[in-house]
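Let's have the full structure, built from the sequences with the hints guiding it.
Under our numbering, the first residue of the sequence shown is numbered 1, with each subsequent residue one higher.
Simulated from the structure, these hints should not be mistaken for lab results.
Keep in mind that a hint or two might mislead.
Stated by the list, open to error - Simulated pairs of lysine to any residue, SDA-like, Cα-Cα distance not exceeding 20 Å: (1) K186 x Q97; (2) K186 x T90; (3) K186 x A155; (4) K136 x T125; (5) K136 x A172; (6) K136 x N170; (7) K136 x S173; (8) K186 x V89; (9) K186 x T103; (10) K136 x T168; (11) K136 x D167; (12) K136 x A107; (13) K186 x Y196; (14) K136 x S124; (15) K186 x A102; (16) K136 x L166; (17) K136 x A108; (18) K186 x P98; (19) K186 x D100; (20) K186 x A88; (21) K186 x V197; (22) K186 x T92; (23) K186 x E85.
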Amino acid sequence: MTGVHQRSPGWAEPRPAAGRTSADQSLGRPSIVLPTQIVLPILLLGLAVLVGCVGPSSTEDNPGGVVINEQRAAGGFLGAEADFEKPAVTLTDTEGQPFDLATDTTAAVTLVFFGYTSCPVVCSTVLRELAAALNKLDPATQQQIQVVFITTDPARDTRAVITAYLDTFNFASYVGLTGPISTIEKAAGPLQVEFYVQDEDGVPGGPYEVA
1 MTGVHQRSPG WAEPRPAAGR TSADQSLGRP SIVLPTQIVL PILLLGLAVL VGCVGPSSTE
61 DNPGGVVINE QRAAGGFLGA EADFEKPAVT LTDTEGQPFD LATDTTAAVT LVFFGYTSCP
121 VVCSTVLREL AAALNKLDPA TQQQIQVVFI TTDPARDTRA VITAYLDTFN FASYVGLTGP
181 ISTIEKAAGP LQVEFYVQDE DGVPGGPYEV A
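See below:
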């Protein structure tokens, strides 16, 4: 697929990215989706889980209302499902090509991250630990998992910046996406992901943070 970055053979463990100075004030919370594939939207400032691709038998034993399905899906995954739809939103990948979140998330499991490259330690920690966990899976299972990063700071996160940032983590492959902030908000809404941009000093064009 266009825009998918594959890890080259012989990769080395990267050093932690430097220069992350913005304050991250967000917390994670799970949320769930998808009728045909498992999509896990993860706000780097937060965590949302969207799961589908499950069988018809389920139990409602979660007090939060999530329906847990105990039947293993055709792809071998267990998960949960909820009444959310994949956003019909098209963003731009790091190669400048359109990426439709509704039709191009074709893997059995898709991890969707909403975050920004100037996020401090917590974001890098989440991504690095996820990459380490995925790399412990066998190659066949890794091929069923798609990692998608959507910037919440498109003004500073150019395609080149996103690529350089994601390359510091050891994902076998990934898709980096950007676009107008209004379009990114449309992508986040159906997945129950929220973020905002705030001037740190109240001066237009001055330092700001994303949370």
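If any of the earlier hints don't hold here, list their numbers in rising order. The structure conflicts with no hint, since it agrees with every one listed earlier.
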